[in-house]
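Asker: Here is how the chains run, residue by residue.
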Amino acid sequence: MPRAEAIAVESLSKRYRNGVQALRGIDFSVREGDVVGYLGPNGAGKTTTMKVLTNLIRPTEGHAYIAGVDVQKHPLEALAHVGALIEVPGVYEYLTPTEVMAYFGRVHGLSHASTAERTKTVLDRVRLSEWADAKVGGFSTGMTRRFFIALTMLHDPDVLILDEPVLGLDPKGMQDIRVIIKDLAKEGKTVILSSHLLGEVAETCNRIIMINHGKIQVTDTVENLTKAGASRRIDVEFLAPLEAEALSTLQALPGVTRVEMNGRRGTLEYAGNLEAVAAILHGAVGAGLKPVSFALQEASLEDIYVSMVGKDGGIH
Amino acid sequence: MSTISAAIRKDLRDTWSAVLFELDKHMRRRRLLIALLLALVVPLLFYAVPRAVGVPFAATSTLFAGTNLGFASLLVLISAAFFGGDAISSELDKRTFLVSYVAPQRRTSMFVGKYLAAFFATALVTLFYYGVTFAEMESVYGWGDVPAAFSTSLAVALLYGLGALAVTFTFSSTMRSTITSNMLSFFALLLILPIVSGVLSIAGVNPWFVPTYYASLTTSVFGGTGGFGGGGPGGGGGLSSFSPDFHTGLWVLCVSSIVLLAFSAIVASRRQME
Numbered sequence: 001m002p003r004a005e006a007i008a009v010e011s012l013s014k015r016y017r018n019g020v021q022a023l024r025g026i027d028f029s030v031r032e033g034d035v036v037g038y039l040g041p042n043g044a045g046k047t048t049t050m051k052v053l054t055n056l057i058r059p060t061e062g063h064a065y066i067a068g069v070d071v072q073k074h075p076l077e078a079l080a081h082v083g084a085l086i087e088v089p090g091v092y093e094y095l096t097p098t099e100v101m102a103y104f105g106r107v108h109g110l111s112h113a114s115t116a117e118r119t120k121t122v123l124d125r126v127r128l129s130e131w132a133d134a135k136v137g138g139f140s141t142g143m144t145r146r147f148f149i150a151l152t153m154l155h156d157p158d159v160l161i162l163d164e165p166v167l168g169l170d171p172k173g174m175q176d177i178r179v180i181i182k183d184l185a186k187e188g189k190t191v192i193l194s195s196h197l198l199g200e201v202a203e204t205c206n207r208i209i210m211i212n213h214g215k216i217q218v219t220d221t222v223e224n225l226t227k228a229g230a231s232r233r234i235d236v237e238f239l240a241p242l243e244a245e246a247l248s249t250l251q252a253l254p255g256v257t258r259v260e261m262n263g264r265r266g267t268l269e270y271a272g273n274l275e276a277v278a279a280i281l282h283g284a285v286g287a288g289l290k291p292v293s294f295a296l297q298e299a300s301l302e303d304i305y306v307s308m309v310g311k312d313g314g315i316h
Numbered sequence: 001m002s003t004i005s006a007a008i009r010k011d012l013r014d015t016w017s018a019v020l021f022e023l024d025k026h027m028r029r030r031r032l033l034i035a036l037l038l039a040l041v042v043p044l045l046f047y048a049v050p051r052a053v054g055v056p057f058a059a060t061s062t063l064f065a066g067t068n069l070g071f072a073s074l075l076v077l078i079s080a081a082f083f084g085g086d087a088i089s090s091e092l093d094k095r096t097f098l099v100s101y102v103a104p105q106r107r108t109s110m111f112v113g114k115y116l117a118a119f120f121a122t123a124l125v126t127l128f129y130y131g132v133t134f135a136e137m138e139s140v141y142g143w144g145d146v147p148a149a150f151s152t153s154l155a156v157a158l159l160y161g162l163g164a165l166a167v168t169f170t171f172s173s174t175m176r177s178t179i180t181s182n183m184l185s186f187f188a189l190l191l192i193l194p195i196v197s198g199v200l201s202i203a204g205v206n207p208w209f210v211p212t213y214y215a216s217l218t219t220s221v222f223g224g225t226g227g228f229g230g231g232g233p234g235g236g237g238g239l240s241s242f243s244p245d246f247h248t249g250l251w252v253l254c255v256s257s258i259v260l261l262a263f264s265a266i267v268a269s270r271r272q273m274e
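In order, the protein sequence lines correspond to chains A and B.
If you use my numbering, the first sequence corresponds to residues 1 to 316, in order.
If you use my numbering, the second sequence corresponds to residues 1 to 274, in order.
Worth flagging that the hints you see were computed from the coordinates, not collected in a lab.
Check the hints yourself; a few may be wrong.
[To be verified] Below, in silico cross-link-like pairs of lysine-lysine (DSSO-like), each with a Cα-Cα straight-line distance of 27 Å or less:
id : chain 1 : residue 1 : chain 2 : residue 2
1  : A       : 135       : A       : 186
2  : B       : 94        : A       : 186
3  : A       : 182       : A       : 172
4  : A       : 73        : A       : 186
5  : A       : 120       : B       : 10
6  : A       : 73        : A       : 120
7  : A       : 120       : A       : 135
8  : A       : 135       : B       : 94
9  : A       : 186       : A       : 172
Here the structure is a predicted model, which is why all the values come from computation and not from measurement.
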């Protein structure tokens, strides 16, 4: 049975009052249980999308849905399913985590006992139990971030929307959050997170959505993206070093755009899809070049990201 | 039908949660404590200073109340600015809206909760001030000698608080900066609106539509113009050739509160959090 859509946006556009067109008719969906990395350079439209999904701003056109509920038409019903951490929220500095959670527990309709139990659970999860009754105003940046992540999980939401969740965390804090996200995935929660830490995203997410200039550029699984190879490179090894004539034959094979050999080993660059790769291998064998190893280079998420946004990584 | 009643129950629950949360914040920020201290110290001074310098108290409890309760309207304005000046704007300025506005609660529920909490805090301070003054009257004039208009004065002070809070919530809802909304609230209530009503009076125009014009009603109910700066800021005493009408005052305070609050609630709930 196919999984339902936990998050969906349809033809979503947003033009700010200052004229900036942040989103240009984007469409995507996130299925229940997916952990999706939402990537793009600064100003690409990531936070705008997340603000629309959490009803902080209204789209100029289009719709956003959480669990099939239109966020703008029925925000209370939609947001009841969501735990959200957007940008860097301010803290009620004179209150303690327990007091803040008591309030939000009531807003989420939790009983006093459930709120107390969930508060303990989520603060344990982010290693803040010892600070449950300390004023939030005295927390470090990392502790504050961990506290907000705990707050997003207070009501055990089905969908988590996390905007740069590891911002300001030390390596141990990042590792903790990575573990939490993986655990949430195991529990069947749906997570969409934006981050600039691509290694983090590659490790925790099973799908990627890339956005730039307010348009969705790529939507696929991490596995497909890295295997399909935005790098378009093949590591090759032949039985013997190639003579000049054999090298010319290799360069002339359909789909090959560049050859770089060093003795028996080298790298081919190609244009096209996996059909082209198969054709190159077939051609090399047919031409008697005797390949003994022929392996697609897996592109890193970073390679894919850079190829999408350009080397300057900025807004064009 | 049951869906609608469940939604209404949820809104009422959220509003009450917001009231409790805001009251907790007022206490933690010590604003409530400061206002209560003010409500204690000022009437104590009115009581202790005449005793210390040997000046006799007013001849009757009515005159005593008419004089000492003149500060009530000023205290109400200070409380309103304290508790309402940044009630909404602080969510934006301090970016706490990124937590509170993404929770499943209506912004209007939060708004009403904040307003009620600010009113409860203002009312508590006002009641405390009247309570201390009441105790002083009992001490000076004997048990049972309380002017009949005392409760009317208290009711007017509370209504004046509703109106003053409506003004502060208007600034708080339309401004993004806490400093700006706080400053505008203080200046509007304590300076700008009283100046407007004063200038209009001098120009021969009855400033019946200015809410702060009715500050002196808290003391005029005792039959005088009040003893604290002519009935507090913007009061109808002093140079004014007009004096605020009691019933018009009640209407103006009620209507201005409703209109300003409705406007503020719409602005606060429709604002885009860009």
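Asker: Hint by hint, note whether the structure agrees.
Answerer: Comparing the hints with the structure gives:
Taken as a hint, the residue 135 of chain A and residue 186 of chain A pair is broken in the structure, with Cα atoms around 33 Å apart against an allowance of 27 Å. Distance hint between residue 94 of chain B and residue 186 of chain A is unfulfilled; the C-alpha atoms sit about 35 Å from each other, more than 27 Å. Restraint check: the Cα-Cα separation between residue 182 of chain A and residue 172 of chain A comes to about 15 Å, which is no more than 27 Å; the hinted pair holds. With a CA separation close to 31 Å, the supplied pair residue 73 of chain A and residue 186 of chain A exceeds the 27 Å bound.
Pair hint residue 120 of chain A plus residue 10 of chain B holds up; C-alpha atoms about 25 Å apart against a cutoff of 27 Å. For the hint pairing residue 73 of chain A with residue 120 of chain A, the CA-to-CA distance comes to about 34 Å; that exceeds 27 Å, so the pair is violated. About 16 Å separates the Cα atoms of residue 120 of chain A and residue 135 of chain A, which keeps this hinted pair within 27 Å; it holds. Of the supplied pair hints, the one linking residue 135 of chain A and residue 94 of chain B holds, its CA atoms being roughly 16 Å apart against a limit of 27 Å.
As the CA atoms of residue 186 of chain A and residue 172 of chain A are separated by approximately 21 Å, the hinted pair is consistent with the 27 Å bound.
Checked against the numbered hints given earlier, this structure breaks hints 1, 2, 4, 6; the rest are met.
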